[in-house]
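Mind docking chain B on chain A? Use the hints.
Protein chains: 2
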Amino acid sequence: MPSNRTVDRPIVLGVVGDSAAGKSTLAAGIAAVLGPDRVVQLSTDDYHRLDRLERRAHKISALDPAANHIDILEQHLRLLRDGRPILKPVYDHASGTLGRPVYVEPRDFIIVEGLLGYHTRSLRDAHDVKLYLEPDEALRVKWKLRRDCAERGYTADEVMNSLELRRAARREFLEPQRTFADIVIAFHPPPDRADETGAHLNVRHTLRPTLPHPDLTPVLDAGGKSGFYLTLARDIDGKPVDMLEIAGDIDARRARALEDLLWSLIPEANHLRTDLGQFADDHNRTAVSHPLALSQLLVTYHLVKAALGHYAV
Amino acid sequence: MPSNRTVDRPIVLGVVGDSAAGKSTLAAGIAAVLGPDRVVQLSTDDYHRLDRLERRAHKISALDPAANHIDILEQHLRLLRDGRPILKPVYDHASGTLGRPVYVEPRDFIIVEGLLGYHTRSLRDAHDVKLYLEPDEALRVKWKLRRDCAERGYTADEVMNSLELRRAARREFLEPQRTFADIVIAFHPPPDRADETGAHLNVRHTLRPTLPHPDLTPVLDAGGKSGFYLTLARDIDGKPVDMLEIAGDIDARRARALEDLLWSLIPEANHLRTDLGQFADDHNRTAVSHPLALSQLLVTYHLVKAALGHYAV
Numbered sequence: 001m002p003s004n005r006t007v008d009r010p011i012v013l014g015v016v017g018d019s020a021a022g023k024s025t026l027a028a029g030i031a032a033v034l035g036p037d038r039v040v041q042l043s044t045d046d047y048h049r050l051d052r053l054e055r056r057a058h059k060i061s062a063l064d065p066a067a068n069h070i071d072i073l074e075q076h077l078r079l080l081r082d083g084r085p086i087l088k089p090v091y092d093h094a095s096g097t098l099g100r101p102v103y104v105e106p107r108d109f110i111i112v113e114g115l116l117g118y119h120t121r122s123l124r125d126a127h128d129v130k131l132y133l134e135p136d137e138a139l140r141v142k143w144k145l146r147r148d149c150a151e152r153g154y155t156a157d158e159v160m161n162s163l164e165l166r167r168a169a170r171r172e173f174l175e176p177q178r179t180f181a182d183i184v185i186a187f188h189p190p191p192d193r194a195d196e197t198g199a200h201l202n203v204r205h206t207l208r209p210t211l212p213h214p215d216l217t218p219v220l221d222a223g224g225k226s227g228f229y230l231t232l233a234r235d236i237d238g239k240p241v242d243m244l245e246i247a248g249d250i251d252a253r254r255a256r257a258l259e260d261l262l263w264s265l266i267p268e269a270n271h272l273r274t275d276l277g278q279f280a281d282d283h284n285r286t287a288v289s290h291p292l293a294l295s296q297l298l299v300t301y302h303l304v305k306a307a308l309g310h311y312a313v
Numbered sequence: 314m315p316s317n318r319t320v321d322r323p324i325v326l327g328v329v330g331d332s333a334a335g336k337s338t339l340a341a342g343i344a345a346v347l348g349p350d351r352v353v354q355l356s357t358d359d360y361h362r363l364d365r366l367e368r369r370a371h372k373i374s375a376l377d378p379a380a381n382h383i384d385i386l387e388q389h390l391r392l393l394r395d396g397r398p399i400l401k402p403v404y405d406h407a408s409g410t411l412g413r414p415v416y417v418e419p420r421d422f423i424i425v426e427g428l429l430g431y432h433t434r435s436l437r438d439a440h441d442v443k444l445y446l447e448p449d450e451a452l453r454v455k456w457k458l459r460r461d462c463a464e465r466g467y468t469a470d471e472v473m474n475s476l477e478l479r480r481a482a483r484r485e486f487l488e489p490q491r492t493f494a495d496i497v498i499a500f501h502p503p504p505d506r507a508d509e510t511g512a513h514l515n516v517r518h519t520l521r522p523t524l525p526h527p528d529l530t531p532v533l534d535a536g537g538k539s540g541f542y543l544t545l546a547r548d549i550d551g552k553p554v555d556m557l558e559i560a561g562d563i564d565a566r567r568a569r570a571l572e573d574l575l576w577s578l579i580p581e582a583n584h585l586r587t588d589l590g591q592f593a594d595d596h597n598r599t600a601v602s603h604p605l606a607l608s609q610l611l612v613t614y615h616l617v618k619a620a621l622g623h624y625a626v
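Quick note, the sequences are listed as chains A and B, same order.
Using the working numbering, the letters of the first sequence map in sequence onto residues 1 to 313.
Using the working numbering, the letters of the second sequence map in sequence onto residues 314 to 626.
If we strip away everything but chain A, and leave its shape as in the complex, we get (with noise of 0.2 Å):
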């Protein structure tokens, strides 16, 4: 990370979302800008208290924080906070059992993936950037269905079950968790292309003012309806929030100029510039998406600046 990095700990990125919300991919393009050898990652799974066997025997949902090591999960980031190695347990989401811990040193920045990442005041507290996804509700399911049936070796009817089965827990553990994200992202198909599941997926980002987000208005004066917009809203819980609006149909220059205003703004990042917004489409092959890019851009850009100081810690 940049060479006049100031603070002089771990910067810590929480992305919190229901499975399949796209939080890998998210944080993927991040570590890659930010340099993989500069970053964990992290997932909350790993904390998982029970193995799937047990969750079934128990009745219990893996979004339940009885089903996970809450307290040492708060434990091993703020170890790695204070710049601590830990031996970190780890989850096997193909075969479903816990196995051998690995040791896991921290690094310039940590990016905790997972269900419950922000469920205590004390996980909280030790982020420093807070994300919660919430991608529309049917793209998720699409998103589900490829994965785990591609990678994780479910049948579609065993993961419709599971969605059907995680929907009260849902709603009980990881929904009260949206209103402590700096930032909500939500990608979601254009309205006339409702079967869109990739680069043509619009993404809004909720930007809470518990961080001070980057002035985007040089690119907004630019140019009116070109797929970027920045509006103030209400929140779904009525709070005043700006709500900003980037179209996968965005174009390319226009997508280039918002990227150059937010690289131009930490400047001692620049030597870390490249591609982002890649994922993996349908067919598994690479694709890229501006919505995705500009994301994890803007994401990157808190992570730098609170890497560099500007931000109270």
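It cannot be assumed that every hint is accurate.
Said to hold, decoys possible - Mimicking EDC-like on lysine to aspartate or glutamate, the simulated pairs with C-alpha atoms at most 20 Å apart in a straight line are:
#	chain 1	residue 1	chain 2	residue 2
1	B	K455	B	D331
2	B	K401	A	D92
3	A	K88	B	D384
4	B	K401	A	E105
5	A	K88	B	D358
6	B	K401	A	E74
7	A	K144	A	D182
8	B	K401	A	D51
9	B	K457	B	D358
10	B	K455	B	E471
11	B	K457	B	D594
12	B	K457	B	E471
13	B	K455	B	D384
14	A	K88	B	E387
15	A	K88	A	D71
16	A	K88	B	D508
17	A	K88	B	D405
18	B	K401	A	D71
19	B	K457	B	D495
20	B	K552	B	D495
21	B	K401	A	D45
22	A	K144	A	D195
23	A	K144	A	D281
24	A	K88	B	E418
No lab work stands behind these hints, which were simulated from the structure alone.
Chain B alone, transformed into the frame defined by chain A:
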């Protein structure tokens, strides 16, 4: 433990010694008297960084600190001592593999057995009472053959081989820890019973002035040649120490007098009084040894005193 316990954190006992030095047998009696629900027992073997196959591939001994997560062991002892839970790694001696970790909460007493408990300053500082077991080497070989063949599925040849292979690592990593012990405990056969491996073994305690040892003179004064001796001696490092020798053939009355004296010195713990000195003999039957019982009681004395706040902490 004593209801008038005054130290508000766990008391940590270390039991360091080579493989089959009698660590678990000694610790079992101490845990029994303190009350199993008041004691957490850990093995530093759980902190192996490499499993058995990996150690073989790398030609590295389990005794080598590099084969172990020493920093994580330090961290976990510090956490437990501070009253916090840990997710403890697990090494399975039967299979030689590392597996799913277990959640461990601190209790009033923590007994840490293993090979490397005093390897670093931080580890030593985490202990309240430090034991080092160095039984007569021919005796330890017999104990190790019996256990490893019966319980860990090795052949006698494999055991003898491993003893040979460990010799250098033992000298380099295990033995230097002896000097940090408060009490060095050495079981050994009496001169006239070279084959003894059980109830008639003598024990010698080398008592360093790093702990305030109990005043045993009332019992010493009560009679001379009766299986119980305290002498001023030079330790192998030349330093003056008290040597306490308890003979395997000490008569029961005399052993009882010493027990009574020790219990009278810790009246707060008298409700815990129970039979000590049990071990599994060559035929895996439970037998009793007076020297073992008195050794366990002497150690318990120190733990109770430490819990009562009588020792600097």
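Hints and how they fare:
1. B:K455 to B:D331: Holds, at roughly 13 Å.
2. B:K401 to A:D92: Cα-Cα ~18 Å, so holds.
3. A:K88 to B:D384: Holds, at about 14 Å.
4. B:K401 to A:E105: holds, 17 Å
5. A:K88 to B:D358: Given pair A:K88, B:D358 holds - Cα atoms ~18 Å apart, limit 20 Å.
6. B:K401 to A:E74: holds, 15 Å
7. A:K144 to A:D182: violated, 25 Å
8. B:K401 to A:D51: It holds: about 17 Å lies between the C-alpha atoms, which stays within 20 Å.
9. B:K457 to B:D358: Distance of about 16 Å is within 20 Å: holds.
10. B:K455 to B:E471: holds, 14 Å
11. B:K457 to B:D594: holds, 13 Å
12. B:K457 to B:E471: holds, 11 Å
13. B:K455 to B:D384: violated, 33 Å
14. A:K88 to B:E387: Answer holds: A:K88 to B:E387 is near 15 Å, not above 20 Å.
15. A:K88 to A:D71: Roughly 13 Å separates the two Cα atoms, so the pair holds.
16. A:K88 to B:D508: violated, 47 Å
17. A:K88 to B:D405: holds, 18 Å
18. B:K401 to A:D71: holds, 14 Å
19. B:K457 to B:D495: It is violated: about 25 Å lies between the C-alpha atoms, which goes past 20 Å.
20. B:K552 to B:D495: holds, 13 Å
21. B:K401 to A:D45: Distance of about 18 Å is within 20 Å: holds.
22. A:K144 to A:D195: Holds. A:K144 to A:D195 sits at ~15 Å (cutoff 20 Å).
23. A:K144 to A:D281: holds, 13 Å
24. A:K88 to B:E418: holds, 17 Å
Of the numbered hints given earlier, the model fails hints 7, 13, 16 and 19; all others are met.
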